[in-house]
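Model the full assembly from the supplied sequences, consistent with the hints where possible.
So the protein sequences, as listed, match chains A and B. Position 56 (the first sequence) corresponds to 56 in the working numbering; numbering is contiguous. Position 54 (the second sequence) corresponds to 1054 in the working numbering; numbering is contiguous.
No lab work stands behind these hints, which were simulated from the structure alone. The C-beta atom is built at its ideal place from N, Cα and C for all residues, glycine as well. All the given hints hold, so there is nothing to weed out.
Residues from chain B shown here face chain A by an in silico Cβ test under 8 Å; the list is partial:
(1) Gly1042
(2) Leu1043
(3) Phe1091
(4) Glu1102
(5) Gly1106
(6) Glu1107
Per the computed footprint, the stretches of chain A lying under chain B, defined by three or more beta-carbons under 8 Å from a beta-carbon of chain B, are:
(7) 43 to 57
(8) 100 to 111
Derived DSSO-like pairs: lysine-lysine, alpha-carbon spacing no greater than 27 Å straight-line:
(9) A/Lys56 with A/Lys2
(10) A/Lys67 with A/Lys56
(11) B/Lys1078 with A/Lys42
(12) A/Lys100 with A/Lys67
(13) B/Lys1024 with B/Lys1078
(14) A/Lys42 with A/Lys100
(15) A/Lys56 with A/Lys100
(16) B/Lys1068 with A/Lys42
(17) A/Lys100 with B/Lys1024
(18) A/Lys2 with A/Lys67
(19) A/Lys2 with A/Lys100
(20) B/Lys1068 with B/Lys1078
(21) B/Lys1024 with B/Lys1068
(22) B/Lys1024 with A/Lys42
(23) A/Lys100 with B/Lys1078
(24) B/Lys1068 with A/Lys100
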Amino acid sequence: QKEVEQNSGPLSVPEGAIASLNCTYSDRGSQSFFWYRQYSGKSPELIMFIYSNGDKEDGRFTAQLNKASQYVSLLIRDSQPSDSATYLCAVTTNAGNNRKLIWGLGTSLAVNP
Amino acid sequence: DAGVIQSPRHEVTEMGQEVTLRCKPISGHDYLFWYRQTMMRGLELLIYFNNNVPIDDSGMPEDRFSAKMPNASFSTLKIQPSEPRDSAVYFCASREGPGTGELFFGEGSRLTVL
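Encoded structure:
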């Protein structure tokens, strides 16, 4: 069973701090990695994707990938109350002839004013 | 574009009743996905279509679930008969092209089976 693991949280950080969200995956063959944000009662929306080892920055968000350790993380700098949401890690895995997204259960983030 | 459109947004029904959920993908997107989300199991892929053809339905829980995509702009997910354990939020998502591009989700259909 190919899996994606995340701490469920809640992760609580003060406004302006750095929030660090972590994700591990079991399939060494995974090639693509995604972070989705889901506000309560809403649908997931893509924040970041990363394919190569290292860091990828987009505004206040940085995705970090370490394929050797099978680990992907999301850093949110200068956290804002509007960042309070559940963050879902999704990883592609090969299942037979199909490539699928496997989802973590998500980490709940609370940014306190 | 209006995005992925799902209906109904909320459905409350009694055990044994038939439930039909509907989805209109984003125009031009050739992949359509049906997901189910619960607190315990997270997002689970039920089935996906490419160019209206079902590609992988291995996530469909059992024969009570069926999905169709009669044309590029419409898909249904049907549960018959429904059971309380089917209570969840059902999301439809679409994507343009193969590979692992961005999934665009609808607002979801919250199903409660009493």
